[in-house]
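Student: Residue strings, one per chain:
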Amino acid sequence: MASSQPTAATQSAPAPRSRVGERRKFLSAPAIVFLIAVTQVPFAMTIWYSFTNWNLLRPASTGFLGWDRMWRNFSRILSNPDFWTILWNTLFLTGSVVVLSFVFGMMFALLLNRPFPGRAIARTMLISPFLVMPVAAAIVWKFLLLDPSNGLSAWVFRSVLGIQSVYLVEVAPMLSIIGIVSWQWIPFVMLILLAGLQSLPEEIVEAAQLDGAGPLRMFVNITLPHLRRFIEIALLLEVIFVLSIFGQIFVVTSGGPGIRTTNLPYQIFLEAFSSFNIGRASAYGIFAIILANIAMILFLQVVRRHRLEGTS
Amino acid sequence: MIRSPVLRWTLNVVTLLLAFVMIFPVLWMVLTSFKTETMAIAFPPRLFFTPTFENWVQAVFNGPLLEFMGNTALITVGSTLLALLLGVPAAYAMAFYRTDRSDGSMLWMMSTRMLPPAGVIVPLFVLFRNFNLLDTHLGLIIVFAGMNLPLVVWMVTGFMEDLPFALIEAARLDGANLWQEFSAVLLPLLGPGLAATSLLALIFTWNEFFFAVNLTTRDASPLSVYVSTFKSAYGDLFLAKMSAAATAAVLPVMIAGWVAQRHLVTGLTMGAVK
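Quick mapping for you: the protein sequence lines, in order, are chains Y and P. Read in order, the letters of the first sequence correspond to residues 1 to 312 in the working numbering. Read in order, the letters of the second sequence correspond to residues 1 to 274 in the working numbering.
Quick caveat, the hints were computed from the structure, so don't treat them as lab data. Every value quoted in this text rests on a predicted model; they were computed, and no experiment measured them. Be aware that a few hints might be false.
As the list claims (entries may be wrong) - Listed next, the stretches of chain Y that the computed footprint assigns to chain P, with coverage defined by at least 3 CB atoms under 8 Å from CB atoms of chain P: (1) 87-101; (2) 131-139; (3) 234-245.
We put the CB at the ideal spot given by N, CA and C, even for glycine.
Construct the entire structure; sequences and hints are all you get.
Tutor: Have a look at this one:
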């Protein structure tokens, strides 16, 4: 595994330092310029806009707030109790999905990490939820499964449990969103942990078995330490992407009731495309970027550490 | 590892059962798409029934599904090609002409993929408005190419580094120029890798919703936007048609994912896990 990492592979090939190389290393320039244009330029503009009072509904309001009032968008947001609810929603949603998908993802990965008839088909079935278009997953859950009169849950409540049908989206909106998103992200964690389990060298497992290690000690002392990097990568990537969950909320609850399922991306969507408040939406965007960057910096550290290990 | 055959078989059955539970919502959606509308809301829900293709005919020929699918196809293919066009040369430089800055550039590219879409949607909207890109295919092609470019660079760099450098040296001794070296030596060997990379880019692009819904209104909207419009459907008689449309939207990517299974992990972690 580690030996096929980029750095390791190139070091075995002699780096050609010819004049050809001097020119060809610039083949990466178009990609870098393009990425700067579509990601860094908008990022810089977000920062700039967050210090303006620009509102598309008030064409005159395009300007910088002024040095004395430049933080107004931020102070308005921070002094709004809704912001803290939205921030909590974002963190609670992400945290719950990460925990649930880790528990079930680990379970599925362990179950799949044994040869048995039907393993390939089980694996294929288990990864499928991740491939479902998020908005399609959302309408399927909302209308076909959870709908209180026509959904399958109505049958479960009335015929199986023998109680009144309950509309879970109404009773527990946040938990419904967490459930749907977790259903989609369990396979993601499972796939990465399975790759980790399958890279565990056979000799180590056999040696530990010879030493008389039971399944539990084996898992805690051998499997888990080996999986550490895979767990870190899976969970940090998941945090980054689940922080940006939007489609499921848009379809299932529209952020409601009230703001009970509004997360940062949904709030930014409302500020920008319902209130047309470019300045305020950008200031919210800065908070979204800060959150994602915390996870991203940790992730890049893991990747860098792993690449350094790969060269040794 | 587990010696008792009873325990082993119990675990096998449990695994298959859990796998069935996980994929059940998808199966239920496909099943519902072949019901009549009245059958779709029947209580108790029917598992066995005479399938009808009425909803599919309705959804495909009487609805706007094909238009949206055409948009999705155009945007997906266009953005994947653009990402390959920019990303493969970059990967070539990263794999064979490393400099002190290559590692930093690679990590920086990866970091751009992790920028939250909500953090840049406002300026993108403004830029699109100024450049007349709102509700155009070209606009989404540019954004999605940017989204997939880091993936392409990371994956293709990995595939190139797995190739023996001696092959390239041999081609150079024969006097091959850059294009000959690429088209005659690298491309045939990279074929499967490029295919896997393209499939993964296709999956991400096809399913994307946030940029799509905010940067298009109707003419260039992809399938994901169309599927989301069912959220405000009223009345009881749309479940089967909705299921047909959703199945049509989900199935191509699901098949692509099954085909690219082996590369899924590499793609999802951008090469951090192989």
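Student: Take the hints in turn and mark each one as holding or not.
Tutor: Evaluation of the provided hints:
no.	hint	result
1	87-101	violated (count 0)
2	131-139	holds (count 9)
3	234-245	holds (count 5)
Hint violations for this structure: number 1 only, all remaining hints satisfied.
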